[in-house]
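Asker: Protein sequences appear in the order of chains A and B.
Residue 87 in our numbering sits at position 87 of the first sequence, with consecutive numbering throughout.
Converting from the second sequence to our numbering requires adding 1000 to each position, the first position being numbered 1.
Do not rely on the hints blindly, as some may be mistaken.
[What the hints assert, rightly or not] Pair ranges (Cβ atoms, derived):
(1) 1026(B) - 339(A): 37 to 47 Å
(2) 144(A) - 1317(B): 28 to 38 Å
(3) 21(A) - 1221(B): 39 to 49 Å
(4) 128(A) - 1122(B): 42 to 52 Å
(5) 1033(B) - 145(A): 35 to 45 Å
[To be verified] BS3-like, lysine-lysine: derived pairs with alpha carbons at most 27 Å apart:
(6) 240(A) - 251(A)
(7) 125(A) - 139(A)
(8) 157(A) - 1260(B)
(9) 28(A) - 252(A)
(10) 240(A) - 252(A)
(11) 1115(B) - 157(A)
(12) 1217(B) - 125(A)
(13) 28(A) - 246(A)
(14) 150(A) - 139(A)
(15) 301(A) - 336(A)
(16) 1247(B) - 1260(B)
(17) 1115(B) - 150(A)
(18) 1278(B) - 1260(B)
(19) 1278(B) - 1209(B)
(20) 1126(B) - 157(A)
(21) 1165(B) - 28(A)
(22) 1278(B) - 1247(B)
(23) 1115(B) - 1126(B)
(24) 1217(B) - 1136(B)
(25) 139(A) - 1115(B)
(26) 1126(B) - 150(A)
The hints are simulated quantities; they were obtained by calculation from the structure and are not laboratory data.
We put the beta carbon where it would ideally sit given N, CA and C, even for glycine.
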Amino acid sequence: MAEMQFGLMMRAQFPAEEDMQQRFAELKEQARTANKLGYASLTNGMHYSSAPFQDFQQMPFLSRIMAEAPDLRINFGIILLSLPKPLDVAECLATVDVLSGGKVIFGAALGYREVEFLAFGTSQKERVLRFEENLEAIKRLWTEDSVDMKASHFELKGASCSLKPLQKPHPPIWIGANADPAIERAARLGDCWYVNPHNRIDTIIRQTELYRRALDACGKPFPDEFPARREVFVAESRDKAMELCKPFLKKKYAAYHEWGQDKAMPEGDDDLGLDFDDLVRDRFLIGSPDEVAEQMIDLNKKTGINHLIMSVQWPGMPQNMVLDVINTLAEDVFPKVRQG
Amino acid sequence: MQFGVMQRGVFPQGEDMRARFGELMEQARLMETLGYDSITKGSHYSTYPMHEMMQLPYLSRVMAEAPSLRLNAGIVLLALQKPLDIAEQFATMDLMSGGRMIFGCALGYRDVEYKGFGVPRGAGRKRFEENLEAVKRLWTGEPVTMTGSHFELDGARISVPLVQKPHPPIWVGANADPAIVRAARLGDCWYVNPHQRLDTLERQLVLYKRTLDEESKPFPAEFPIRREVFCAPTHEEAVRIAGPALKSMYEAYEEWGQDKVMPEGDNDISMRYAELAKGRFIVGSPDEVAEEMLHYHRVLGVNHIIMSVQGTGLPQSQTLETLELIATEVFPRVRQGM
Chain A
1 MAEMQFGLMM
11 RAQFPAEEDM
21 QQRFAELKEQ
31 ARTANKLGYA
41 SLTNGMHYSS
51 APFQDFQQMP
61 FLSRIMAEAP
71 DLRINFGIIL
81 LSLPKPLDVA
91 ECLATVDVLS
101 GGKVIFGAAL
111 GYREVEFLAF
121 GTSQKERVLR
131 FEENLEAIKR
141 LWTEDSVDMK
151 ASHFELKGAS
161 CSLKPLQKPH
171 PPIWIGANAD
181 PAIERAARLG
191 DCWYVNPHNR
201 IDTIIRQTEL
211 YRRALDACGK
221 PFPDEFPARR
231 EVFVAESRDK
241 AMELCKPFLK
251 KKYAAYHEWG
261 QDKAMPEGDD
271 DLGLDFDDLV
281 RDRFLIGSPD
291 EVAEQMIDLN
301 KKTGINHLIM
311 SVQWPGMPQN
321 MVLDVINTLA
331 EDVFPKVRQG
Chain B
1001 MQFGVMQRGV
1011 FPQGEDMRAR
1021 FGELMEQARL
1031 METLGYDSIT
1041 KGSHYSTYPM
1051 HEMMQLPYLS
1061 RVMAEAPSLR
1071 LNAGIVLLAL
1081 QKPLDIAEQF
1091 ATMDLMSGGR
1101 MIFGCALGYR
1111 DVEYKGFGVP
1121 RGAGRKRFEE
1131 NLEAVKRLWT
1141 GEPVTMTGSH
1151 FELDGARISV
1161 PLVQKPHPPI
1171 WVGANADPAI
1181 VRAARLGDCW
1191 YVNPHQRLDT
1201 LERQLVLYKR
1211 TLDEESKPFP
1221 AEFPIRREVF
1231 CAPTHEEAVR
1241 IAGPALKSMY
1251 EAYEEWGQDK
1261 VMPEGDNDIS
1271 MRYAELAKGR
1281 FIVGSPDEVA
1291 EEMLHYHRVL
1301 GVNHIIMSVQ
1311 GTGLPQSQTL
1321 ETLELIATEV
1331 FPRVRQGM
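With the hints as extra help, turn the sequences into a complete structure.
Answerer: Encoded structure:
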């Protein structure tokens, strides 16, 4: 196995009443800490109109935060790729790839919220077509000097990417997927499937088999890098960890349930409105350092996942708790996982 | 008078863009220490045969090097975009920069960009106006419901509040007369373009003022202009460094069709350089440059000069020297003269 990489997901969502300039200063401190402690990557997600939370926009946020963490890979995880125009995405990501010294990861997924589809003049119905067209166009803009392509919502006529990405042939393309058909699409179109944070681990084990079969069908090898997003929390004991993270994590998943995230999940594992203890079980990585290391090693053995993108902060969680977890993970968990 | 620098961020094919980026960051740090007021980055897509860095990622990154400077997205090609995207990105940038964003916007004119964004050519003006209205409404921070021709806001709301209240200044770029009327009607100010001669601008200023009167809007407190500035210790040296850079740049503009949107009588930018420079570019020794800036101030009332000082191919050492020369020799002369 390739050595496990540990990434920090900065969800960067905060309750409505909080002072976001203060929170931004804290996020920069988290980024500097992660850089110092040998984390491998920084991730930020993407949503628009994100009430009831406040949220930073991904492209400017990651472009700014990378100045604090020059050694870390910068993961756009994920871009809601059915919404934008491919020329815009290709050019912006190429710029960030050059500015970061070739550290960009391009995460892409469909999206599911009506308020976002409407605001971008599209619909749920068009999302698969636009996603596939956009991805094809972006790859071509990154690798060809002049692109001609007519699609349902744009036309490239002798278009070029003003700046080519530093990474060749292009930054890794990670496709986020929850549902089975989306996983087949990830196998077909991406450099890897970017495993979501929501599905239970037994679901992911089943879907990894599906993913392998889909790769075989396309004649593609299993990817060297196999990333997964997970909610992670560590304290001196499992009871203590559960007690500390519960109020924040519970509220975040209530909001996902409200937004309809679980409608995009596979049958039998499509309810994020469960009681907290049932929600956590076999889904999130929570416990003492030994227990969390064990869970990570187990996940790697059963699935091959070797880049863990960890969210350790949910809306309302104070900075000192976050820094504690970032530190404890690096000092007490990463070495155990690497040994294991 | 405020002094800003346009970091065009445009370089020929084959250049090491990572190295050029490092140089641009060095320029930004120098501007911070020399007391410049703003950094501007423009926006174009598909810029072959030139390389260009994208505006919003660039400005987001450069703010880390120059925390005191205002950041001017000058301009955003607003007809191409979706308003929720722009409103949200600017809100995040205004927050991260501590309230230093300027929102420049204009229509754009290149086919490759309109097609690339799926915008029919005839729809540009309508989309620009709808988008600007939607962005302003979203910037109130309240939920917005609005149906445009190419988007629908259904109780949409920006995700972070703006630091600047009620919103970042809206500078509307305009070349042609109808665009100047639009700038008066819709913007906080007209952002005077880099291409036109001073005599044309004088005429257009009358139109701008008349339209402001009709709209019962006062003349803006801040009135910005973009100009190419070539300043060197002597006149001869300034002319020498300006020549080749401007020639190649304006040939590229002409190829893109920029001259098509300029008014009749001032739309042949392929003229020989010497003729072209007159009343259009600011070239000379610090004394001459300061005098010329004061002239612009007296004739037009402009009080924020956004200078492009790095023509294509100008080496980094020369750009740094120019930045320093302007700050130490030109700023004080202009401020004394006002």
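Asker: Give a verdict on every hint.
Answerer: Hint by hint, here is what the structure shows:
{"no.": "1", "hint": "1026(B) - 339(A): 37 to 47 Å", "verdict": "holds, 43 Å"}
{"no.": "2", "hint": "144(A) - 1317(B): 28 to 38 Å", "verdict": "holds, 36 Å"}
{"no.": "3", "hint": "21(A) - 1221(B): 39 to 49 Å", "verdict": "violated, 26 Å"}
{"no.": "4", "hint": "128(A) - 1122(B): 42 to 52 Å", "verdict": "violated, 30 Å"}
{"no.": "5", "hint": "1033(B) - 145(A): 35 to 45 Å", "verdict": "holds, 40 Å"}
{"no.": "6", "hint": "240(A) - 251(A)", "verdict": "holds, 18 Å"}
{"no.": "7", "hint": "125(A) - 139(A)", "verdict": "holds, 23 Å"}
{"no.": "8", "hint": "157(A) - 1260(B)", "verdict": "holds, 20 Å"}
{"no.": "9", "hint": "28(A) - 252(A)", "verdict": "holds, 22 Å"}
{"no.": "10", "hint": "240(A) - 252(A)", "verdict": "holds, 19 Å"}
{"no.": "11", "hint": "1115(B) - 157(A)", "verdict": "holds, 7 Å"}
{"no.": "12", "hint": "1217(B) - 125(A)", "verdict": "violated, 45 Å"}
{"no.": "13", "hint": "28(A) - 246(A)", "verdict": "holds, 25 Å"}
{"no.": "14", "hint": "150(A) - 139(A)", "verdict": "holds, 15 Å"}
{"no.": "15", "hint": "301(A) - 336(A)", "verdict": "holds, 15 Å"}
{"no.": "16", "hint": "1247(B) - 1260(B)", "verdict": "holds, 18 Å"}
{"no.": "17", "hint": "1115(B) - 150(A)", "verdict": "holds, 9 Å"}
{"no.": "18", "hint": "1278(B) - 1260(B)", "verdict": "holds, 20 Å"}
{"no.": "19", "hint": "1278(B) - 1209(B)", "verdict": "holds, 25 Å"}
{"no.": "20", "hint": "1126(B) - 157(A)", "verdict": "holds, 23 Å"}
{"no.": "21", "hint": "1165(B) - 28(A)", "verdict": "holds, 25 Å"}
{"no.": "22", "hint": "1278(B) - 1247(B)", "verdict": "holds, 14 Å"}
{"no.": "23", "hint": "1115(B) - 1126(B)", "verdict": "holds, 16 Å"}
{"no.": "24", "hint": "1217(B) - 1136(B)", "verdict": "holds, 17 Å"}
{"no.": "25", "hint": "139(A) - 1115(B)", "verdict": "holds, 18 Å"}
{"no.": "26", "hint": "1126(B) - 150(A)", "verdict": "holds, 24 Å"}
Checked against the numbered hints listed earlier, the structure breaks hints 3, 4 and 12; every other hint is satisfied.
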